[in-house]
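Single-letter residue listing:
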Amino acid sequence: MSRQIRRLSFVFALLMVAVLVNITIIQVVNAGDYRDRPGNQRILLAEYDRERGPILVGTDPVARSVETGNTLTYLRRYSNPKLYAPITGFYSLIYGATGLERTENRILNGKADIFAVDRIQQLVSGRQPVGGAVTTTIDAAAQRAAYLGLRGKKGAVVAIEPATGRILASVQSPSFDPNKLSSHDPAEIREYYNKLEADPDKPLLNRPIVSLNPPGSTFKLVTAAAALSSGRFNPNSVIPGPRTYDLPLTDKELRNWNRRQCGPGGKVTLRDALAISCNTAFAWLGNELGADAIRDQAELFGFDTGFEIPLRAATSRFPADPDEPQTAMSAIGQFDVRATALQMAMVTAAIGNSGRTMVPYLIQEVRAPDLTILQTTEPEVFADALRPSEALALTEMMVNVVENGTGTNARIPDVRVAGKTGTAQTGDDRPTVAWFVAFAPAAAPQVAVAVLVEDAGAEEVSGNGLGAPIAKDVIEAVLERR
Amino acid sequence: MSLQGTIEAPVRKKPTRRWVELLLLVMAWGIGLLGTMQIGWVSGEGMTPRLWITAGVVGGLALAMHITIRIVAKYADPIMLPVATLLTMLGLLMIYRIDVASARRATLSDSPMPTPDVYSQLTWFSVATILFIAVLVLLQDHRRLARYTYTLGLAGLVLLVLPLVPGIGTTVNGATLWIRVGDLSFQPAEAAKILLTIFFAGYLVAKRDSLAVVRTKFIGIELPRLKDLGPLVIAWLVSLAVLVFERDLGTSLLFFGLFVAMLYIATQRRSWIILGGLLFMVGAVLAYYNFAHVRSRVTVWLDPWAYADTGGYQIVQSIFGLANGGVLGAGLGQGFPNLVPFAKTDFIVAALGEEIGVTGLFALVLLYAILIERGLRTAVAARDSFGQLLAAGLSIVLAIQVFVIIGGVTGLIPLTGLTTPFLSYGGSSLVANWVIVAILLRISDRARRPAPVAPSPDDAMTQVVRAV
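Residue numbers (numbering that gives the first Met the number 0), protein chains in the order written: chain A, 0 to 481; chain S, 0 to 467.
If you're looking for bench data, these hints aren't it; they were derived computationally from the structure.
Just so it is clear, CB atoms sit at the ideal spot from N, CA and C, and this is done for glycine as well.
Check before you lean on any hint, since a few could be wrong.
[Unchecked claim] If you want the footprint, here are the derived chain A segments under chain S, 3+ residues with CB under 8 Å:
no., stretch
1, 0-12
2, 16-28
3, 33-40
Please take these sequences and the hints and turn them into a complete structure.
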C-alpha cells in the first residue's frame, strides 16, 4: 500500500504546484492587468482610504475630506462650493479630478516626493499617508465680491496682486457644485454631470482662465503701451481720430462706437483717444506701429505663453501675420486677438507694477499634515513690458479713463482708480462681450482686476455699465481688508 | 488499554522529538503574535488587552495539546501540531483583521458594533483543543476504531443526510449543509468526513482482497469483478445524492474522491481509479446538464469576467484582491479584504493573499503540504493496514479540501463550497480538522513507538480477515 500512498502524494504534490502556478499567474504575471480592470475598486479605494489634505483660502478649508461610514472612507466636501469651483475643481469617482484637486493631487494625497520622510515612516508603520494642505493666494473678500457681482450674469473675473502675480480672485458664472460631483453616489454624479454638460451656458468651463474672447478696447492698453515704448509717442502726442477709418485694401471702413470724430478736426491726443476709446485713432496707431511691434508688446504682457498657475490657462493670442486692415482691427482688440480674463488682468497688473509683468500663481504654500511649511511660491518676474516712466504715463491715462472718460462707474471716493472699458464682438452675428480692467490705488496698486461679461449689449458703455461696478467692488474688497 | 504498561518499557531508546515540537510551537506562536501586533498597530487600535488575552489563550491551548502529547503520545510526529497551530493562528489573525475593518466601518457609520467573530473562533479553538485531548487520551490505540466500522459508517451517513430532515436542516447560500438545534448550528458533513474515512478504512481493510481480484482484462486494463463494483457505485450514488439534494458540490466531490483514492490504496489496483474517474465524468456530465447550479459554476469558472456582476462576482473580487497583493502583499491590515465576499470563510485565502502576497501564499500552501506530507508519511510508517488506510484517508481529506478550495477561489477549478482547513471561520470545520490531527498523531505515535508492541486483538482479527 505504501507505493500507492507515495504515488498519491506525488499526485497531490502536482496539484499543489498547479495551485501555486495559478496563484503566481494571478498575483504576479497578470496583476497589473487585473488592477486596471473595470470594477476593480481597489485603486480608487486606496485613494479614498487616505485622508486627503485640504485646499485653503487663508485659513479656511474650502475643500476638505470628512470621514464617512462607508466603503469609501473619506468624502470630499466643499464649503462655498460654487464660489470656489473654478479654483478647487472637483474630485469625482467617475470623472476624475479637475482644478487644484487635479494639479495638486500628489500633494493632497500625500504621495509627492516632498513627503519622502513621512513616507518612510508610513512604510514602517503601515499607516495610510495623510495628504498635505494647499494654501491658495485667493483673497476671500475679493472672491466673494466678484462672485456676487457676476450673479445672474455670464462671465468671469480675475484679480491679481500686481507686485507679486498672486491671484486674488478667480470667479466664473455660472458655476457648479463640486460637492455633487464628488459624492459617493455614482447615479447622482452622472445625473448632475450630464445636466451640466447639457447646459448651453457651460458651467463646467473654467471661464476665468480658459475662456478666450476678443479683448476689444481693453486691448488698446497694449497698443498704447507699444506706442509709448516705441519712443515715438507720449500721452500728449496728437494723432488722427476721424469719424471713420478707411481700412486699407478693402472697401470697408471702421467707425467709432459713438459714430463721431474723436476730437476737433479729427485730431486727438493719445490720452484722450484712450479716455474716449477712440477706435479710429488706435486703428491708425496699429498700422503706424506695425503688427510686429504690437505683438512684441503683447507677448511681454504674457500673450502667446501658456501659463500653469498651476491650472493650465489657455494661451492668449495675437494674430501671427495680419495684413493692414487686420492689423488695424487687431490694434483695437478685434479680428483674431483672443485673450483670457487672466491675461487681461496680467496686462493691467503689469502697467500698475511699473511695467513689470509677474508670473501669475494660485498657490501660496504647501504644508505638511503637521502644518509645517514645505513649499512657498516666490513671486517671479515674467518680463519687463514697459519702462517705469512709460508705465506711469499709461497709468495716468487710465486714471483719466475713470475720472473723465468711459470708465466712470469704477470711481471710488478718495482712491485713484486706473481703468479701461472694452466691448467686443465675438463674431459677426454673435453676442458681444463687455470688459472692464482696472487697478488701484493708481500710485501703488494692491489689486488689478479684469471683468468679463458675456452676452452684453452692443454699446461701448456696456463695459462701464456691466464690468466697472464689479471691478469697483473687488477693488474695494481688497482695499478695505488692508 | 491494559497493554499500555508493556509499551512503556522500550527496548531501545528512541528520540521523542518533543522539544523540537515545543520549539516549533513557540515559533508558530511568535509568528501569530507578530502578525496580530502588526494589525493592531496598523489599524491604530494598538496593543489592547484583548490582543494579549487572545495570544495568551491561543498559546495556552497549544501548550495544553503539547503537554497532552508528551504524556499520552510521546512518540507522535513533532511537526503536525506546530503546523496546524500556525494555520489556526493565521485564520484567527485574518478573522481578527476583518473584525477590525468591520468595527471601523461601524464606528464611522454610527451603526451597531458587529460582534467580533474572533472570540467565537477562539471559543471553537478551545472546543477543538478539548476534543483533541479527549481523542488522544481516550483513543490509546487507533485500531479500536476498526471495531466500530459499520456503526461509524452508518453514523456518518446519517450525519450526511441530516440537513435534509425538515425542521433541523438549514439552507445557507443555496446549500443545505447546516443543521440547527436551538441556537447551535453546525455542519454535520465535517463530522461525517471523519466517520466515513474510518468506515472506508475499516471496510476496505476487510474487503480489499476480494476487491483486488481481477476478473477480466480489457485493452490492457485489469477490471474488477462485476459484483465488486457495488461499493463504488454506492459511494457514487451517495455523492450524487449529496450533490442533488443538498446542493453541496464540495462535499460530494470530497467523498467520492476520498473513496476512490482509498480504494486504490487498499486494492493496489489502478483500475479503480480509472473506473472512479469514468463515474466521476458521467456524474459531472449528468449534473452539468440537469442542475442549473452546477452549470452556472462551470460557466462562471470558464469566464468569470463575463459574469463579473453576477455569478462571477465572488471570484472576480477574489482575483482583484490577489492581484492587489502582488509579490509581497499589501501588508497585514493594509488591503481591502472586506471587499471579497465571504472573506472570513470560503475566501479567506484570497483575503490573506491580498495582504501577504504570493510569497505568503506559497508559505501557506507549503504549510498545508507539510501537514499532508506528514500525514501520508504516518500512513506509510503505520504498522497495521487499518492505520495505514486511516492515516492516508485523513491526509487525503485534508489534501482534497485544500486543493478544491484554494483552486476554487483562485479560479483554477470551478468554485465549490468547502472550508479551508484550520483557517476558515466556523466551528465544525475547525473542530473536525483538529480531530483529524489528533487521530493522525495517535497513529504516528503508534508507528514510531519502539518495538516490540504487543499485538492487539484487533490486529489479530485483521490478520484473520486478510487470510480469508
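> According to a criterion of three or more residues whose C-beta lies within less than 8 Å of a C-beta of chain S, is the stretch 0-12 of chain A covered?
Replying inline: holds (count 10)
> Do three or more residues from the stretch 33-40 of chain A put their C-beta atoms closer than 8 Å to C-beta atoms of chain S?
Replying inline: It holds, with 6 qualifying residues against the three required.
> Within the assertion that chain S covers the stretch 16-28 of chain A, do at least three residues meet a Cβ-to-Cβ distance smaller than 8 Å?
Replying inline: holds (count 9)
Comparing the model with each earlier hint shows no violations; every hint is respected.
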